[in-house]
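> What follows is the residue order along each chain.
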Amino acid sequence: MNAIVDLPVEQQHRVGKNIPIYKERGQREVFCGLTGIIWLHRKIQDAFFLVVGSRTCAHLIQSAAGVMIFAEPRFATAIIDDRDLAGIADANDELDRVVKTLLTRRPDIKMLFLVGSCPSEVIKLDLSRAAQRLSTELINQCRILSYSGSGIETTFTQGEDACLASLVQASPKQAEVIEKNLLVVGCLPDVVEDQFHRLFTELGIHNVSFFPPKNSAQKPEIHSNTQYLLAQPFLAETARLIEERGGQRISAPFPFGVDGTTAWLKAAATSFGIDPTHFETVTQSKIERAKKSIERYLPMLTNKRISFFPDSQLEIPLARFLSQECGMQVLEIGTPYLHKQHLECELELLPENTRIVEGQDVEKQLDRCRSDKPDIVVCGLGLANPLEAEGITTKWSIELVFSPVHGYEQAADLAELFARPLNRSMKLAA
Amino acid sequence: MNAIVDLPVEQQHRVGKNIPIYKERGQREVFCGLTGIIWLHRKIQDAFFLVVGSRTCAHLIQSAAGVMIFAEPRFATAIIDDRDLAGIADANDELDRVVKTLLTRRPDIKMLFLVGSCPSEVIKLDLSRAAQRLSTELINQCRILSYSGSGIETTFTQGEDACLASLVQASPKQAEVIEKNLLVVGCLPDVVEDQFHRLFTELGIHNVSFFPPKNSAQKPEIHSNTQYLLAQPFLAETARLIEERGGQRISAPFPFGVDGTTAWLKAAATSFGIDPTHFETVTQSKIERAKKSIERYLPMLTNKRISFFPDSQLEIPLARFLSQECGMQVLEIGTPYLHKQHLECELELLPENTRIVEGQDVEKQLDRCRSDKPDIVVCGLGLANPLEAEGITTKWSIELVFSPVHGYEQAADLAELFARPLNRSMKLAA
Amino acid sequence: MQLTLWTYEGPPHIGAMRIATSMTDLHYVLHSPQGDTYADLLFTMIGRSKKRPPVTYTTFQARDLGGDTAQLFQDSVSEAYRRFEPKAMIVGASCTAELIQDDPGGLARALSLPIPVIPLDLPSYQKKENWGASETFYHVIRALVAVDKSISAEQYQEKRTANKTDTQKPSCNILGPTALGFRNRDDVQEIKGLLESLGIEVRVVAPLNACVADLVKLPQADFNVSLYPEVSQLACTWLSKTFGQPFTKIIPVGTKATKAFIHEVCQLAQLDPTAMLAAQDERAMWYAKSVDSTYLTDKRVFIFGDASHAIAAAKVASEEIGFKVVGLGTYSREFAREVREAAKLYGIEALITDDYLEVEEKVAELTPDLVLGTQMERHIAKRLGVPCAVISAPVHVQDFPARYSPQMGFEGANVLFDTWIHPLMMGLEEHLLMMFRDDFEFSAKAAPSHLGHARPTESEKPQETKVAAVAPVDHPEQISTAVLSDVEPENTWEADAEKELGKIPFFVRGKARRNTEKFAVENGISRITIETLYDAKAHYGR
Amino acid sequence: MQLTLWTYEGPPHIGAMRIATSMTDLHYVLHSPQGDTYADLLFTMIGRSKKRPPVTYTTFQARDLGGDTAQLFQDSVSEAYRRFEPKAMIVGASCTAELIQDDPGGLARALSLPIPVIPLDLPSYQKKENWGASETFYHVIRALVAVDKSISAEQYQEKRTANKTDTQKPSCNILGPTALGFRNRDDVQEIKGLLESLGIEVRVVAPLNACVADLVKLPQADFNVSLYPEVSQLACTWLSKTFGQPFTKIIPVGTKATKAFIHEVCQLAQLDPTAMLAAQDERAMWYAKSVDSTYLTDKRVFIFGDASHAIAAAKVASEEIGFKVVGLGTYSREFAREVREAAKLYGIEALITDDYLEVEEKVAELTPDLVLGTQMERHIAKRLGVPCAVISAPVHVQDFPARYSPQMGFEGANVLFDTWIHPLMMGLEEHLLMMFRDDFEFSAKAAPSHLGHARPTESEKPQETKVAAVAPVDHPEQISTAVLSDVEPENTWEADAEKELGKIPFFVRGKARRNTEKFAVENGISRITIETLYDAKAHYGR
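Residue numbers (my numbering), protein chains in the order written: chain X, 676 to 1105; chain Z, 676 to 1105; chain W, 9 to 550; chain F, 9 to 550.
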């Protein structure tokens, strides 16, 4: 723990069981918010995402998307060129032209997001005005919204936050108080959404909806009798806007692992006055099955030491799951941003001696990592192979965002994602 | 033409325009009759071919079939082993067992050919008796016939002759004279068969059938009012048996190339009393189209010198087509066997200075070939690459058997088969 | 603004990164916002690099924009120098930093580091990756190589000749190979081996695995091998102009070009190539000549890639494999002229574009038998159900195979043969299938097993609908009045013509259908009969 | 009699042909009927040989059987000697000639040719190709190598050591590579290079490209490398027994075995392997270790081939790629014991058979993720829609690639990595697909684009029928009484369980279905609900 001395102690805050939060500034080895498009465009099945940016933006999404090229993508980039930089008026004309070309080619698009980037932000191209302008013009064809996924404002999963926030903002305000409802907020794979839906139904919570919806015609129901439950820990702005419209957050850990899922469901059940005995009846067999499922991977995980490089803001709930349910020892949790309120319940569950670092200076973090010598490191694709070459086993963090990992049925899958590289290292060393 | 001196002059016969036929004896670089199974099993779609032979027979068919493994084959080998050699009685028992196993596995088989091989012939395993015995036993399930495809008796395409002969022999005798009919004899690809069928119909010959039929339920109609037309030049025994049953052969060249096809159809038309003007009306446009089609390949073929190594007995009709319609110069026609009656019309059309050699001594033929230096050699797969390595362009002969090459619509395809290697040699030399 | 689904090239600073990452002691400080670090994964994941690229990103944020991003940049440079101790440094801006105009060159210079600091001016809104690589390589060389302006190129050359001892071998540098370059790792091994076996000393290979000190020594060699002109031409031209070092023009892709390359370098090195050429086995040539390759003759091939690889591939396809080149194009606008010239050899017009959709359209229109392209074209071909092999960057992890896989030299020619022929299925297999083309087991319903799930042509035109649309006719009539209507008439297939088409095996059926329909349109035939089918066949040939 | 659709090996005289064709001046006169010449095409077409095999076939016919086939044979031998002037001759009978009992050996001897004439006795009705090759190689060596029976093996060995000069390198022969052998051409190059770089002189490689004079010199080397035991073990054993030449036991396939082989030969040559081992890059190991290979972990692989290749492949698959070996087998009955031993390492029972249908059944039963086999298994896998790579003879023209493609040595390990991984789709591509496994665009209808048209499992069990068969149930009930009935109950999927299954992506759906159904059967569940699906998942793991 000597490497820790390098961390800026003056900026310490303390959370949970008196855990200090170190803040770090420097080179960040994290995607920008544009990357969220890769799962967002698949979740909202009639939406299209048009990045207004540079060739770098196009190249970034392409590099992050990789295999997606097999499908006809529902995202593209309007690449700004020299002429656009000459005058914003022209840039707006050009944008209108590109949008119309796009919609002619893809008339199936019912919702178009104009996605701001670093260059569009820096040149102050007003995409929300552009969206309004185009929305009016194309009123019978397509809804047009905007948000920013720029790297100067957003980190990786914050792109989803910005996107969902724009959806909340664009949804009609519901004045009168209607029936109490539960809104689950955050992109979830369909299979997970369906599982949760069945669970809520079994519990007796019938007025449940998921946000974002699968297509643009569905609007979120938010009013003063809305209880919302975050499915993802990175939705600060979305949550703020929901609360502005009267929604109340159900405070809970996140549904990773068996205990996390139970606590998450339990918080909703309590809020909806579900009888605790009924809750137990409904969840018991799932809990048992999931616990049994995880057991398979425990021999590989227990007492193994893990460090997280900052990536998706999932780091804290995942560290909690791995320490609480898999017996792993967490050395360092790097996270790009830490939302203390949303993560309150999670932080309580972390062991005392956890090192939490918000922000990143990748070089210094690598120094600490080499000094810590963890059994496994969770990091991005840029770092994974170099660390492996140094003899440090890695788990690529991006997969934790793309894989179905929430809920009971995926708890073991989540454990397996960490067990696999450890298992592999062992196999190949033998 | 000096290399010719080696040929056994004493055995000369003369045919056509006083062309001598040299006979040669020695190593033959030709498949045995078993190979015919590869097209026969696909033509008769509910038949199965069981070779009774050695591992060599199985290996030969497998090597010749190559790609056929992609499909579930309708042929197999009953491999004779040491125990079978110990006593013929046992061998018969074993054969019965194998046939029953096979029919249990493949109940869709309606006709089974037991195919004799060199070993089965040498040990005098009587397959025709076995076929009778099993036919009686399995009367409600499957017809069982036999023929020999052994290399000591048959060369390549003679396997088809033997197979068709067995089918003729097994077909019921029709005593009373019924309506005059036309029987086209010899395996043709379906697409060619259909073309000919349309042509005969247009000509006004309606009572036409093709032999072998596409499935075992169809029986050939042979009686004293049957006129038969050979589609292939290698069907000596089949023709003999058809004539035994009263069928009369319509003498004609074979339907390769435009002129060959016209003469072949004309012979049938004449025999069926079709008005010559009508004949011309029906064939004219096809002839023109086919001639035009061939023209594309003439620049590549005209005046090129060609030699044939013996293979399928198609050599003489093909040489006739290439010399008569494509302006090629034929140096040597090697043929495994020459049926003077069946080829009478063909031989008449060959140029005077053609060298015809029946049989083979492959070493001596290679000597002649090297001395002749033809522009293209038609030979088997065993010889093609070594000749190419010596700088001699080749066309592999087996393709001429497997490709649809008969009739008007395929005349240009046939020319193309010879033009392609010449074209390729030119392209790669450039 | 340009609407872009996928791009062939990254921005120019990615090109600069490729130069920095290629070298062992050059560091790159890139003024850029968070997110631009994505580029690291290109090298560590696609190239499976064991080291991180030697790039420091300043990672400025929105809140910094009001403040002092210049200071942030200077701090990053200082810290990078302290931590990595490079022998030289390149500094520049990514697209966003270009807009905030912090002048990285000036800021870095102001720090007076004890190493060469080379500023890069790569206009992100105009130029692209290969241009960026080429510029960077050129500027790094210019900054590192000492030039005595009082000495002319000829004098430099004479000096080299004069200083030569009798036992000294002729020498060259190999310029152009980079990290993430298509098969550069193995091309270098192959060409280096080839040159050495000719008795030529290879002094420096750069930028791949070169160090700063290597670049300083570039002018010492007799000539340069410009292996990847997209990256090396600018530098080679300058070296030629300044030091009188001639450089090679032939790209040794394919057996014939390799032999021509041997002639070229032997001329530059004043050596006799005869022995070397005689010793070659030329296996690829024999494979192309061997009889099971006959079926490859005149297969229609569409080629797209960077200029050098595309031009070379077309030559090999046409002269060494016997294909017919029906399409040739590039995304390298810098070399458009060369590609246009090359296309003329095949009587076609070159496709110069970086619009992926335009390429897709062209492939769909030409329906070639084979596509030779980049990973983009692989995906296009997969969608269209056309066989494809990759011949050029942009690359994917597959393009960094574990095994030795050069594209250049004699072994490169072998690799090309195998790689291009494989998707067409190897010799005998395809050939025999071809022979059974009227076989009932290869029915209309049987899809080509070696291709993707996208059935060519057939699936787009379901038979049922068409057949149901016309009543069966006994004696098909042919409407041959060549009327050219304004609206292109949609052909209708008679039922028995459709059935006849079904007798043609799947791998030529699409072509037969297209030819027939084209023929029908051109001859004003609205109902396609069996006769139309055969008329078209006669017209177009097999 | 054995019912045979396809065979793994030809008759034994094909093995003899492989020896004759491998060598440069050995001729084979084969007493055989017309048709047996088909074997020539194996060499000229599959192996793309530029020369005809040096085989003379007597080509007797039915009419000769009554006459003098013995005379025909003698004439053929005389003529072959006159025409080809070989340095030695082997003579023998094919299956048919074996029956007519002409005694080729005796007949040839009677001609008193001035060269060694070696009679072969290869029982066609008992033995097969590899046995024939092994026997032939052994008998040719025995006939050519002079043995002084008064000298013991130990004395021979001592003599070699005593005669050695100080500067003389340790030496070996490489025995076993033959024409038509799987990648033998390139294995020899790789292993010869490896041995030479260790400082070992390779005296003779045989039979591939060896001449008769080479074989005479075999006893001069210090030891033998037995590269293909199926062919070389018999000869090596005799050379060891007679001349005290030890021979290698390790087959250098894979990085680990190559390193073990280096240790083995260094011990035999009394050299230190440390430097050589340290200099290796071991790219295949790095590729296996790199993160995009993580998805390969525990992929279930079925392996079948000749004994040596199958055993070696299993080791590489398990220890170097991280696969799980679920099936291992061979058609080489001669080495059944070794394969059975190897199978035990993976807790499985070896499949020893030359019945292609039995292998197909086993593959269908195991439904592995990957098949490593011969061309036969490639076809089996293609039919079953399972990815496959070829690791062993019997070969096809594809197994003679133009490019350098060894299976042995360090480059061989690279080749294995690429070749085996390719059908599973390369790293990132597959991995990312895997991550999108709940994606609606990868619906139940989307077939894996990289596989054949035969959809695994799914197509066999059409959903529609099943779903229609049961009424939808709101709260699925689970019948968990574990009743073992005589007839295995066919599971029925509830509509929503079927729908849930459809949310699993195609490339794991088949496995999920199988596991669920197996679980249901084992637990006496007749109606599969969503809960059954997840119970099974919990039971079997992912």
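It should be emphasised that the hints constitute simulated quantities derived from the structure, not laboratory data.
Do not take every clue at face value.
Unchecked claim - Coverage of chain W stretches by chain Z, computed from C-beta distances (three or more under 8 Å per stretch; other residues unrestricted): (1) 285-299; (2) 325-336.
Claimed, not checked - Among chain F residues calculated to face chain W with C-beta under 10 Å, some are: (3) G355; (4) I356; (5) F408; (6) T427.
Quick caveat: nothing in here was measured; it's all calculated off a predicted structure.
From the three backbone atoms N, C-alpha and C, an ideal C-beta is built for every residue, glycine too.
> Checking against the hints above, which ones are violated?
3 and 4
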